[in-house]
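Single-letter residue listing:
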Amino acid sequence: DTAVSQTPKYLVTQMGNDKSIKCEQNLGHDTMYWYKQDSKKFLKIMFSYNNKELIINETVPNRFSPKSPDKAHLNLHINSLELGDSAVYFCASSPLGPNQPQHFGDGTRLSIL
Amino acid sequence: AQKVTQAQTEISVVEKEDVTLDCVYETRDTTYYLFWYKQPPSGELVFLIRRNSFDEQNEISGRYSWNFQKSTSSFNFTITASQVVDSAVYFCALSVPNDYKLSFGAGTTVTVRA
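Chains as they are written, first to last, in the working numbering: chain U, 1 to 113; chain R, 114 to 227.
Be a bit skeptical, because a hint or two may be false.
Said to hold, decoys possible - Some chain U residues close to chain R (C-beta under 8 angstroms, calculated; not the full set):
#1 Ser48
#2 Asn51
#3 Phe64
#4 Pro98
#5 Gly107
#6 Ile112
Said to hold, decoys possible - A few chain U residues that face chain R, going by a derived Cβ cut-off under 8 angstroms, partial list only:
#7 Asp18
#8 Leu54
#9 Ile55
#10 Phe90
Just so you know, the hints here were simulated from the structure itself, not pulled from any lab data. Note that CB positions come from ideal geometry on N, CA and C, so glycine has one too.
Work out the full structure: start from the sequences and follow the hints.
So, in structure tokens, the structure goes:
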């Protein structure tokens, strides 16, 4: 059983389009995250939700909007895609707490043409 | 703010050699948590270990070992008798109380040649 699953795995689209990435976890965790990994492999937090409440909102363009319909799901919607949005986006989940290991999905590779 | 430095960008070794990955961290918090993750060529991120700031005991898990030294703010990772399957990018990360995110280092790419 997949613990943290993201869809789609690959996303190729044109500049200016709007797209969504879905994430679901079946680990029973309270906290979910979105990270962005750039072309140099650097990983940076974007958002975090705990029990559907936003707890981390890093400096991210407001074209990016997370949505958590319940604590098992955290989706990422991106408006007006730009070339610089090309990256791998990882969803993760953990129990609440800074000492808790985060479990990551397989990533979604977003390519903007 | 938290900072994690992995000064080694790439390391290449021949199978069966030992390889040590350096990780140096910065934080003003006296309580903090350190992690190592592995990202193989298939792309997923795999949790390897967590260390609490108040527990300086070193740890060994099979061919993997970790050396935590608060005096030098380092949490180094050694792979003994490396194998081709160890080829991956390895990330060191840090978190602190009241800040639930992981602050990652830039990663070290390890290539193990047969």
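Right, here's what the structure says about each hint:
The criterion of a C-beta within 8 angstroms of any C-beta in chain R is met by Ser48 of chain U, whose closest approach is roughly 6 angstroms, and the hint holds. Here the hint on Asn51 of chain U is broken, as its CB sits about 12 angstroms from the closest CB of chain R, past 8 angstroms. Here the hint on Phe64 of chain U is broken, as its CB sits about 16 angstroms from the closest CB of chain R, past 8 angstroms. Annotation: Pro98 of chain U was flagged as interfacial toward chain R, and the flag holds, the nearest CB pair being 4 angstroms apart, inside 8 angstroms.
The closest approach between the C-beta of Gly107 of chain U and any C-beta of chain R is roughly 5 angstroms, which is under the 8 angstroms cut-off, so the hint is satisfied. Against a cut-off of 8 angstroms between C-beta atoms, the interface hint on Ile112 of chain U is violated, since the closest Cβ of chain R lies about 19 angstroms away. Contact between Asp18 of chain U and chain R, as hinted, is not supported at the beta carbon level, the nearest pair being about 25 angstroms apart and thus beyond 8 angstroms. The restraint placing Leu54 of chain U at the interface with chain R is violated, with a minimum CB-CB distance near 12 angstroms, outside the 8 angstroms limit.
Here the hint on Ile55 of chain U is kept, as its CB sits about 6 angstroms from the closest CB of chain R, short of 8 angstroms. Given the 8 angstroms rule on beta carbons, the hint for Phe90 of chain U holds: about 6 angstroms separates it from the nearest Cβ of chain R.
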